[in-house]
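Number of protein chains: 8
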Amino acid sequence: MNEKEIRKILKAVESGKASINDAFKRIKHLPYENLSFARVDHHRHIRQGIPEVLFAEGKRVEDVIAIARSLYKRSRKLLITKASQEIHGSLKIRNAVFFPASRIILVNGEKKKKGSVLVLSAGTSDIPIAEEAAVTASFLGSRIETVYDVGVAGLHRLMGTRTSLDSARVIIVVAGMEGALPSVVGGLVDKPIIAVPTSIGYGTSLKGLTALFAMLNSCVPGIAVMNIDNGFGAGCLAHKINMV
Amino acid sequence: MNEKEIRKILKAVESGKASINDAFKRIKHLPYENLSFARVDHHRHIRQGIPEVLFAEGKRVEDVIAIARSLYKRSRKLLITKASQEIHGSLKIRNAVFFPASRIILVNGEKKKKGSVLVLSAGTSDIPIAEEAAVTASFLGSRIETVYDVGVAGLHRLMGTRTSLDSARVIIVVAGMEGALPSVVGGLVDKPIIAVPTSIGYGTSLKGLTALFAMLNSCVPGIAVMNIDNGFGAGCLAHKINMV
Amino acid sequence: MNEKEIRKILKAVESGKASINDAFKRIKHLPYENLSFARVDHHRHIRQGIPEVLFAEGKRVEDVIAIARSLYKRSRKLLITKASQEIHGSLKIRNAVFFPASRIILVNGEKKKKGSVLVLSAGTSDIPIAEEAAVTASFLGSRIETVYDVGVAGLHRLMGTRTSLDSARVIIVVAGMEGALPSVVGGLVDKPIIAVPTSIGYGTSLKGLTALFAMLNSCVPGIAVMNIDNGFGAGCLAHKINMV
Amino acid sequence: MNEKEIRKILKAVESGKASINDAFKRIKHLPYENLSFARVDHHRHIRQGIPEVLFAEGKRVEDVIAIARSLYKRSRKLLITKASQEIHGSLKIRNAVFFPASRIILVNGEKKKKGSVLVLSAGTSDIPIAEEAAVTASFLGSRIETVYDVGVAGLHRLMGTRTSLDSARVIIVVAGMEGALPSVVGGLVDKPIIAVPTSIGYGTSLKGLTALFAMLNSCVPGIAVMNIDNGFGAGCLAHKINMV
Amino acid sequence: MNEKEIRKILKAVESGKASINDAFKRIKHLPYENLSFARVDHHRHIRQGIPEVLFAEGKRVEDVIAIARSLYKRSRKLLITKASQEIHGSLKIRNAVFFPASRIILVNGEKKKKGSVLVLSAGTSDIPIAEEAAVTASFLGSRIETVYDVGVAGLHRLMGTRTSLDSARVIIVVAGMEGALPSVVGGLVDKPIIAVPTSIGYGTSLKGLTALFAMLNSCVPGIAVMNIDNGFGAGCLAHKINMV
Amino acid sequence: MNEKEIRKILKAVESGKASINDAFKRIKHLPYENLSFARVDHHRHIRQGIPEVLFAEGKRVEDVIAIARSLYKRSRKLLITKASQEIHGSLKIRNAVFFPASRIILVNGEKKKKGSVLVLSAGTSDIPIAEEAAVTASFLGSRIETVYDVGVAGLHRLMGTRTSLDSARVIIVVAGMEGALPSVVGGLVDKPIIAVPTSIGYGTSLKGLTALFAMLNSCVPGIAVMNIDNGFGAGCLAHKINMV
Amino acid sequence: MNEKEIRKILKAVESGKASINDAFKRIKHLPYENLSFARVDHHRHIRQGIPEVLFAEGKRVEDVIAIARSLYKRSRKLLITKASQEIHGSLKIRNAVFFPASRIILVNGEKKKKGSVLVLSAGTSDIPIAEEAAVTASFLGSRIETVYDVGVAGLHRLMGTRTSLDSARVIIVVAGMEGALPSVVGGLVDKPIIAVPTSIGYGTSLKGLTALFAMLNSCVPGIAVMNIDNGFGAGCLAHKINMV
Amino acid sequence: MNEKEIRKILKAVESGKASINDAFKRIKHLPYENLSFARVDHHRHIRQGIPEVLFAEGKRVEDVIAIARSLYKRSRKLLITKASQEIHGSLKIRNAVFFPASRIILVNGEKKKKGSVLVLSAGTSDIPIAEEAAVTASFLGSRIETVYDVGVAGLHRLMGTRTSLDSARVIIVVAGMEGALPSVVGGLVDKPIIAVPTSIGYGTSLKGLTALFAMLNSCVPGIAVMNIDNGFGAGCLAHKINMV
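Protein chains in written order, with the numbering used here: chain H, 25 to 268; chain X, 25 to 268; chain P, 25 to 268; chain U, 25 to 268; chain B, 25 to 268; chain D, 25 to 268; chain F, 25 to 268; chain W, 25 to 268.
Hints are computed from structural coordinates only; laboratory data are not their basis.
Note that CB positions come from ideal geometry on N, CA and C, so glycine has one too.
Some hints here could point you the wrong way.
FRET-style restraints, in silico, Cβ to Cβ [unchecked claim]: (1) H/Gly113 / F/Ile91: 53 to 61 angstroms; (2) U/Asp190 / H/Lys138: 51 to 59 angstroms; (3) D/Glu29 / F/Glu86: 49 to 57 angstroms; (4) F/Ser39 / W/Lys138: 34 to 42 angstroms; (5) B/Gly113 / F/Lys136: 40 to 48 angstroms; (6) F/Lys136 / H/Val121: 54 to 62 angstroms; (7) F/Ser99 / B/Ala90: 51 to 59 angstroms; (8) H/Arg118 / U/Asp173: 29 to 37 angstroms; (9) H/Ile91 / P/Pro124: 44 to 52 angstroms; (10) W/Lys136 / F/Glu81: 41 to 49 angstroms.
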């Protein structure tokens with residue numbers, strides 16, 4: 025252990041067995057290990073609140089189960105994204121809730137909800153990604169409100185959410201196809217907006233690239249954009265902003 | 025002339041100089057020329073109103089001048105798209121007006137304006153393409169109204185055009201960047217909408233491809249989409265629809 | 025209800041219970057709701073004829089059934105696009121006809137057919153999309169004629185449709201592969217043409233992008249282009265133009 | 025003015041000159057104008073701090089000058105992005121500072137600086153975009169710290185900024201080429217990170233698309249991504265988050 | 025029938041029942057039908073040898089069977105490309121041979137083989153497309169030689185085919201991955217070369233686009249390039265050149 | 025010289041100075057040089073008629089002049105593609121003709137013209153590339169006919185070229201924008217067609233990629249496709265086919 | 025055999041049966057065969073160590089089995105990449121080990137391991153490709169060390185591998201998503217680095233293109249990049265460098 | 025200074041002023057600074073030989089001059105890539121040699137040349153990039169041989185380089201257009217090959233992407249690929265491999 029080594033060097037100095045020069049040289053050559061153990065502590069602090077999240081896509085079911093149980097044991101909290109019915113069935117953790125559309129498994133999560141994050145979706149097909157964002161931010165400790173199916177082709181629906189728009193600290197806007205909703209919302213409020221393009225659409229939607237590019241080109245300055253279908257990322261960012 | 029030939033064959037039949045079999049064979053072998061003369065007449069009818077249009081891009085100035093004068097002589101009308109100050113200077117046709125932003129030269133045009141075409145632009149940078157569409161449709165004989173700078177980031181500006189939206193028979197919507205305006209307009213009216221993406225934007229606007237793809241993916245069904253920066257095409261289509 | 029609120033304010037003014045200043049302030053703060061109720065009426069008018077259409081792709085069968093029945097109840101008309109045999113089997117609405125190639129379910133539709141929309145397809149593989157366009161426009165109330173398999177490699181087949189070309193008010197041209205048919209048709213007539221690229225082809229057809237781009241670059245000015253495989257959109261636009 | 029109109033209607037009701045039914049109908053037909061005047065006020069609030077920003081790209085110098093002076097007159101503040109030496113020369117506003125690399129013209133800006141925004145750049149070539157972000161956020165009222173040239177190929181340089189990383193509320197990371205810096209920074213802190221890809225690089229950098237896509241795919245969840253070279257947008261978002 | 029109509033008109037002229045003017049007008053209005061019947065004859069001539077080819081991809085089995093039998097009845101020859109075991113099983117035409125890798129069904133074909141077409145493949149995975157080209161050209165009447173697995177990574181294999189290279193009139197080169205073989209072959213001979221890219225490869229092979237683009241950029245001038253995996257087209261072109 | 029070496033070895037064997045074993049070993053180790061001198065002869069044969077062609081793009085003027093003069097000295101023939109006025113001015117070879125649009129410099133060329141190559145262009149903007157193809161094939165010894173501006177939007181113009189279509193052995197079709205002309209020509213004749221996409225067009229023409237992809241996806245089987253703007257390659261291939 | 029032929033010619037010269045001129049001509053016409061036999065020997069040397077590798081993708085199971093057994097018989101070593109459980113089950117070679125994640129079948133391999141190749145993976149999902157690289161290099165005779173899951177979001181994990189980094193002669197870095205790890209490793213060591221992008225990621229990872237492009241744009245000069253998921257190629261290159 | 029801090033802590037331990045526990049805690053919190061000073065030393069070692077390289081693209085001339093002089097002062101060696109005549113003119117360092125085609129400025133460089141790096145170019149237009157690679161590797165201390173213009177269309181030229189191929193330790197292959205040369209070279213030798221795609225070509229060469237993708241898809245396993253036109257990177261990697 026690095027801790028041991030440093031303590032040994034310090035003891036040698038204390039006991040006069042090592043000169044300061046010698047001790048300095050030995051400490052100087054330990055930077056990486058040094059960093060290594062430092063980072064473990066620091067790391068835990070950094071990722072405070074997110075360590076219990078597991079991305080299941082492309083992992084074997086048995087591996088997911090093993091990691092999930094180990095994570096759960098530590099904190100009695102757990103969030104698995106891109107999960108499956110099969111994982112949920114094999115997990116055997118009480119209170120584990122499975123959201124089939126969003127493919128999320130949730131166990132407990134932060135109890136005290138703070139601040140306010142509003143999650144909007146343009147269409148009904150965008151709801152799974154919106155839900156992924158909402159569950160994530162809620163799991164991390166943000167208070168959540170969701171309003172779905174308020175796409176730009178029927179502005180009156182969006183206008184009906186005015187109170188929600190006004191009371192949120194951060195707004196997540198989930199939209200596929202032409203990805204126009206973040207621009208319209210951005211014209212109505214002056215708070216941070218997180219845009220999540222979805223792969224909903226066909227032909228020139230290019231599996232979400234068109235919505236992504238449209239959001240990056242919004243005529244409203246300063247919209248935060250996520251990767252396609254990345255509801256989880258949006259939830260994390262919203263929570264971080266909400267906690268600023 | 026083909027007409028002469030056919031008449032000659034018919035006369036030969038009438039006068040008994042040719043058998044029906046011989047005459048049939050000769051006529052049978054004329055299909056292309058046949059089509060050719062038919063098409064000349066038909067063609068003139070088809071393109072009624074558009075023959076005096078000249079696309080100047082990639083042509084040498086002297087060639088443009090020569091064709092333009094010849095076109096003008098026939099009908100005393102002329103429209104040159106993607107023109108230049110230099111062409112305008114050398115053209116020497118009275119009444120020739122040059123629109124520098126849109127790079128159009130206009131001489132006369134249809135005097136009687138019919139119906140009603142509304143041309144909207146999202147930003148001020150989109151105005152040259154919008155103007156190209158407006159001048160084209162007007163040249164062909166459509167009555168035109170233009171409202172510029174009504175992008176989605178400030179919906180109240182668009183809302184202020186409600187009377188115009190209601191009274192138009194066809195609406196041309198010109199927008200760059202995220203190309204969201206046609207969807208919003210399409211949610212407000214039930215008449216034909218022609219969307220023109222522009223190359224305004226940078227980075228992921230991909231020189232207009234993003235706006236184009238967004239318009240093709242509009243959540244409003246049935247929006248007609250043009251090539252990038254193709255104001256001329258939008259003017260032609262709007263006029264054709266206006267004349268239905 | 026908003027109407028009630030405004031009437032209440034007006035009554036208060038009428039009865040002297042509220043000053044004009046107070047009444048003004050209260051009305052001023054209602055814009056969205058105001059818009060909202062306005063839009064409801066307006067909206068119904070706008071989408072007149074299209075409200076009974078349901079896009080089934082990516083929705084769960086039970087949800088599609090539920091929405092479909094609710095839509096059908098309102099108007100005894102229904103159109104489901106991108107449907108499936110399974111949906112048709114579970115729908116249990118009399119007269120519901122399923123078009124397997126086009127994946128459309130049709131119930132009734134507008135009885136009075138007006139005007140004239142011609143639907144052409146380049147190849148036999150393009151027929152499902154052409155049929156989607158034709159069924160849609162017919163459902164909305166347009167009189168429809170369809171001519172299939174008239175691609176550019178055999179011009180004589182197209183030439184045989186001359187009467188149809190001449191009598192239509194709007195023409196929908198459906199083509200995959202090189203997408204050349206709209207240009208050729210556009211050289212023969214002077215009426216609005218709606219081009220629908222299909223994903224038919226392989227290799228550099230790029231799932232329809234090549235046909236799409238070819239149509240947007242047509243040497244015939246003013247062709248309206250739809251998203252890839254968007255027969256439904258073409259049917260909507262054709263109907264709107266047919267009704268101008 | 026709409027206000028006048030509504031007051032007139034209310035007066036007519038008060039004076040008994042108009043029935044409630046008539047008054048209601050007249051008010052009902054004003055929703056857009058209603059919204060319009062509402063939005064003017066609201067809009068000013070929304071965009072509080074940003075109205076004096078002008079995007080000069082693609083606008084004629086004389087137009088930029090005219091708009092800039094009008095904006096400046098209102099608030100004695102002004103920010104012009106993508107400006108030029110020529111614009112600066114013609115502007116004739118005292119205190120106007122031109123940043124040639126970032127192509128920004130700054131006049132005054134918010135005096136009270138709040139919170140803390142850290143701006144990092146990976147390379148020296150990324151500095152103009154980083155500076156654009158920093159000037160923007162500062163103009164809007166955020167306290168700014170900048171550390172440049174801390175790319176991932178020399179981690180020790182980044183490690184030397186630890187105090188800055190720890191004290192910032194929001195971090196903007198500007199990087200071209202492989203765009204790796206935001207991921208590394210994201211592994212060190214748990215605060216909101218805004219990643220700005222630049223067009224620095226050649227070949228497969230694809231004018232910044234590679235850096236953009238890399239940032240959107242970061243293994244650190246919840247990084248906010250901007251369009252390529254969009255330092256201005258990053259400055260706006262950082263300020264909004266800083267003000268939450 | 026058009027022939028009948030024209031003969032009727034001619035008879036009317038002959039018998040004096042129609043004036044030349046009337047007859048001319050009636051003939052003038054028949055151009056398309058005129059073309060139509062002309063094209064039928066001409067068309068048969070044009071496509072001489074190819075009419076019995078059927079593209080099965082994307083067609084229902086029962087439709088393929090029906091068309092195939094009708095084609096076969098006319099000429100006792102048949103070629104079905106992109107076919108399946110199922111089609112072959114249901115076809116019930118004696119002598120029908122199925123090539124499973126190339127997915128071709130062949131019945132008879134031109135008996136007299138003329139000229140000489142050499143078909144090379146770079147790898148063993150390219151053989152199905154090479155075989156498709158070879159079977160097609162042979163079916164149309166070209167004499168065929170095939171040499172497979174002579175890719176550029178082992179030049180000695182290619183060098184061993186020198187006699188074949190020298191005696192062929194046309195050479196088809198089928199290659200996936202980096203698509204380099206046509207350039208090397210083109211450096212060795214001065215006869216027409218037809219390059220067929222295949223979708224063999226992964227990652228940046230981009231499903232054959234890389235091989236396609238490489239072939240179009242060959243440093244050997246004048247190589248004819250086909251669409252990806254288009255062995256059939258290569259066979260047709262080789263036969264046409266072989267017959268010049 | 026290798027020839028010398030081999031003769032020396034053979035002489036040594038003849039005179040008994042070298043054993044067969046020694047001679048064999050020495051010859052065995054010469055394969056490359058062996059190939060080398062063989063290839064020189066063979067190479068000359070292979071490229072018969074093409075050795076005097078020089079591609080000037082990206083080469084310095086002085087280098088082009090030097091190589092050009094050396095090539096010219098050998099055969100008194102010369103073709104420089106992608107040349108410039110400056111090169112022509114400095115070349116100082118009598119009879120050198122410069123084609124400014126096609127950027128070709130031609131000196132003499134094969135005098136005896138054989139066979140027949142028809143070159144068609146869709147638009148007038150495609151003429152430079154068509155001319156490049158025509159001059160190349162003519163230089164190599166093919167008899168050339170050119171017909172320009174016969175695009176698909178006016179089929180009657182194409183129909184007027186029927187005699188030319190029928191008498192050619194090979195047809196080069198040059199087209200930009202949607203690239204539809206090769207398909208239409210391919211439906212009319214059964215001879216080899218070489219399609220050359222041009223970079224004419226804008227927006228989704230993608231600098232010629234759309235025309236290229238459309239041609240590769242032609243519904244007419246067996247069209248030979250060239251790289252974008254590669255008139256020179258088309259001329260080479262046409263000549264090779266013409267000489268088969 | 026060519027050797028025989030040459031010896032025969034030499035004998036004829038020796039015995040005076042052939043003149044030097046005749047002998048020269050006959051030898052001159054043998055270049056390719058000459059090359060051919062030269063290349064056989066050379067070739068064996070060149071590919072020394074790699075001949076027993078078989079790429080199974082896209083080949084039929086029975087073919088793979090046949091080739092594999094033949095390869096194995098020659099050298100009692102065998103490596104099959106992109107294999108399957110089914111192939112392993114049918115192979116019936118003792119000691120054949122199947123790596124299911126990497127889809128490799130290994131039989132024996134070089135016993136003496138030399139030098140030192142370090143294989144790093146950024147995430148756990150990248151392990152199959154890393155393992156493919158490691159197994160390949162080991163099979164060819166390189167000593168291998170593997171360290172997995174040391175992505176840039178947790179630098180301390182990477183720092184913990186310092187001894188491994190320092191002792192390796194070549195380092196393979198396997199990473200998907202944003203592909204940043206090679207740049208960070210490249211900043212820590214001055215030895216050859218081979219970067220392998222994987223298709224891990226979604227949305228803008230573009231199936232590995234983003235990681236590939238990021239690696240090609242690394243700010244660390246001189247990183248060797250492989251095709252997406254090409255662990256086998258990385259193993260080959262690492263071994264070649266390790267053996268320099 | 026960190027050194028000071030650590031010495032202070034050690035002194036406090038030595039003098040008994042601090043307990044080991046306290047000292048440990050204070051050292052534990054210094055990891056970054058620790059790393060920082062460690063890395064400076066280490067870093068110098070790492071980049072040994074490359075520190076004097078400066079990338080001039082996109083930097084202002086005066087900045088380049090300043091950095092260059094500072095670099096030169098340290099080691100009397102200097103390499104500037106993507107330089108210009110103007111920089112060379114202003115540099116005023118004796119012995120500075122400017123390579124105009126490669127845009128490199130070289131001052132001195134490693135005197136002792138070791139090992140052997142062979143640089144091949146496919147065409148004459150690829151020479152500037154090949155020269156950039158050669159000058160770089162030579163500057164770093166590798167012995168260099170260059171052979172240019174040995175493209176695949178004339179294999180005999182490549183075959184003439186056999187001795188060079190055999191004697192090199194590493195081979196750099198520079199090629200544009202179809203990028204086929206690395207595959208052919210890779211079939212002839214079993215040593216590390218570094219492929220550099222160039223942007224030479226037009227149309228579907230896509231500014232070098234096609235050559236890049238072709239090289240990544242080479243049928244020869246284990247070719248190291250560089251970014252487009254990245255001769256500098258190839259020189260660095262070749263030197264690193266040469267020094268293994």
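Run the structure past the numbered hints and jot down the numbers of the failing ones, going up.
Going through the list in order, the structure violates hints 1, 2, 4, 5, 8 and respects the others.
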